[in-house]
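For the sequence shown, position 152 (counting from the first letter as 1) is numbered 457 according to my numbering, and the numbering increases by one without interruption.
A few of these clues could be false.
[To be verified] Listed next, the in silico BS3-like pairs over lysine-lysine satisfying Cα-Cα at most 30 Å (straight line):
#, residue 1, residue 2
1, Lys419, Lys315
2, Lys326, Lys315
3, Lys332, Lys419
4, Lys508, Lys452
5, Lys504, Lys473
6, Lys429, Lys472
7, Lys370, Lys458
8, Lys310, Lys429
Simulated from the structure, these hints should not be mistaken for lab results.
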Amino acid sequence: MKDGKWLSVKQLFVAVNRIAKDQHPDKLSSPVLDILLHNLTSFDDTNSFAVYGGKKRAPCSTLDKFMLIPCLNYLAFPKSSLKHNTPRFFERFLRTIIVQANDVLEMNEKDLTKALITDLQLRKNFAFSPMVRIENHLLEFLWCDNKSKSLTKAVTDILLDCGHYDKKRLNPWSQLWVSEKGWPVFQSLYQTQFDCWDKFIDKLQCCVHDFAAISSKLLKGFQTTEFREL
């Protein structure tokens, strides 16, 4: 914070991303942790915190809120005070993420993919358990990627690189296929390009520890009326 002004979402994300590469949040000094936590909650638009005394809160776009997810997850490591003090605030805050087609058209895709990679890499720490599963909100953006599919392609390439996460623990693919929107997103991407489906499935098998549950979802998808009518 400088001259009474908080960091912007992107500035806070860059700061947390850099710190997370070298420092476990349990090791952060109290002053640094307090500044980061207060900056995070300065974006609260749910009126959950009275500490701002009516001050105007920083405006947040849909993408901004998505970028705050890895910040929250980093600061909510087991011993963090955030784990105990603000989960209800962030649950309400995230419910205000309502993605529309214009959000996807107007946003910077690199900002979204950077946030995704940061969140996935946090999972390599076995003490880490995300307060928020970023995959659930990721699907909302992919669902609205209606035209070029460039965002869906970029995200899929990231998720098919298991170097970004531990495939046996907190695997993003497991969460993605639980959602009813998982299959439609990839059906929309590949449609009847069966060579692309083959490559996708081959890579996907290398990214998960147990492919059986996902394969059943794929089989059901291929048998749907919507797919057969493509």
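Given pair status - Lys429, Lys310, alpha carbons within 30 Å:
Judged against 30 Å, a Cα distance of about 33 Å means the pair is violated.
With a cut-off of 30 Å on the C-alpha distance, tell me whether Lys419 and Lys315 pass.
Roughly 11 Å between the alpha carbons, so the hint for Lys419 and Lys315 holds.
Would you mind confirming whether the straight-line C-alpha gap from Lys429 to Lys472 stays at or under 30 Å?
holds, 10 Å
Is the hinted pair Lys332 and Lys419 satisfied, with a Cα-Cα distance of at most 30 Å?
holds, 24 Å
Holds or violated: Lys370 and Lys458, Cα atoms, limit 30 Å.
With Cα atoms ~22 Å apart, Lys370 and Lys458 stay inside 30 Å; holds.
For the pair supplied as a hint, Lys326 and Lys315, confirm whether the alpha-carbon distance does not exceed 30 Å.
holds, 17 Å
Restraint status (C-alpha distance of Lys508 to Lys452 at most 30 Å):
OK: Lys508 and Lys452 at ~25 Å, within 30 Å.
Given the proposed pairing of Lys504 with Lys473, does the C-alpha separation stay at or below 30 Å?
holds, 21 Å
The structure does not agree with numbered hint 8 stated previously, though it agrees with all others.
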